[in-house]
Amino acid sequence: EADIYQTPRYLVIGTGKKITLECSQTMGHDKMYWYQQDPGMELHLIHYSYGVNSTEKGDLSSESTVSRIRTEHFPLTLESARPSHTSQYLCASSLYNEQFFGPGTRLTVL
Amino acid sequence: AQKITQTQPGMFVQEKEAVTLDCTYDTSDQSYGLFWYKQPSSGEMIFLIYQGSYDEQNATEGRYSLNFQKARKSANLVISASQLGDSAMYFCAMRAYSGGGADGLTFGKGTHLIIQP
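Protein chains in written order, with the working numbering: chain A, 1 to 110; chain B, 1 to 117.
Any given hint might turn out to be false.
[Claimed, not checked] Heads up, simulated BS3-like pairs for lysine-lysine below, C-alpha to C-alpha not over 25 Å straight-line:
1. K3/B - K31/A
2. K17/A - K57/A
3. K57/A - K3/B
4. K57/A - K16/B
[Claimed, not checked] Here are the computed distance ranges between Cβ atoms for each label pair:
5. R70/A - F12/B: 45 to 51 Å
6. S84/A - Y64/B: 22 to 28 Å
7. L84/B - E79/A: 24 to 30 Å
8. D26/B - L60/A: 42 to 48 Å
9. S41/B - D3/A: 19 to 25 Å
10. T20/A - F12/B: 18 to 24 Å
If you are wondering where the hints come from, they were derived from the structure by calculation, not from laboratory data. Built from N, CA and C at the ideal position, the CB exists for glycine as well.
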């Protein structure tokens with residue numbers, strides 16, 4: 001059983017607000033990822049990290065930013081939320097091949 | 001760049017029957033991995049099975065097996081003796097280990113599997 005956590009699970013927020021989606025894992029994995037998934041659609045990689053102080057943009061362009069100050073923590077921030085950011089955001093971590101996913105955050109921006 | 005194609009948007013299957021979910025992929029990399037994930041309506045992604053491009057034997061995990069046909073670039077998931085709890089979205093994904101590019105999984109659009117009693 002993977003130990004990767006995301007908070008909040010659900011978030012409804014107004015346009016223009018700054019939000020931070022939290023992701024943490026207790027497995028000591030160096031690699032962590034953020035994916036975005038619109039309802040009924042596939043996942044797209046938006047950010048990844050190889051370890052502390054390493055962050056890279058993924059295949060899908062995103063206005064969000066990430067940081068990796070500690071191995072276990074990989075938060076995602078939106079400085080000014082817009083309705084187009086409404087989606088599910090899934091965090092994952094990996095040691096070798098398999099990626100373990102968190103439960104996801106369903107974000108709705110009104 | 002990698003591409004995953006899942007041609008079955010939805011499937012209805014009788015309980016206890018075997019199910020085959022189709023997946024084809026496209027990549028120019030020689031070293032890659034293929035994955036299947038299950039996503040129930042609650043939204044979490046559950047890892048099912050993995051196949052490396054150099055693995056000669058098809059991967060199996062309990063009721064799940066991966067029918068890997070490298071020459072056809074096919075990685076179908078087979079679920080034996082389906083159960084009502086198997087109803088979910090199923091995603092095929094891949095990751096290339098050689099070359100540049102973002103280090104993450106490329107997903108297909110998924111197949112919505114519904115098991116009927």
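- request: Provide an ascending list of the numbers of those earlier hints which the structure does not satisfy.
  value: Violated hints: 4, 6, 7, 8 and 10; rest satisfied.
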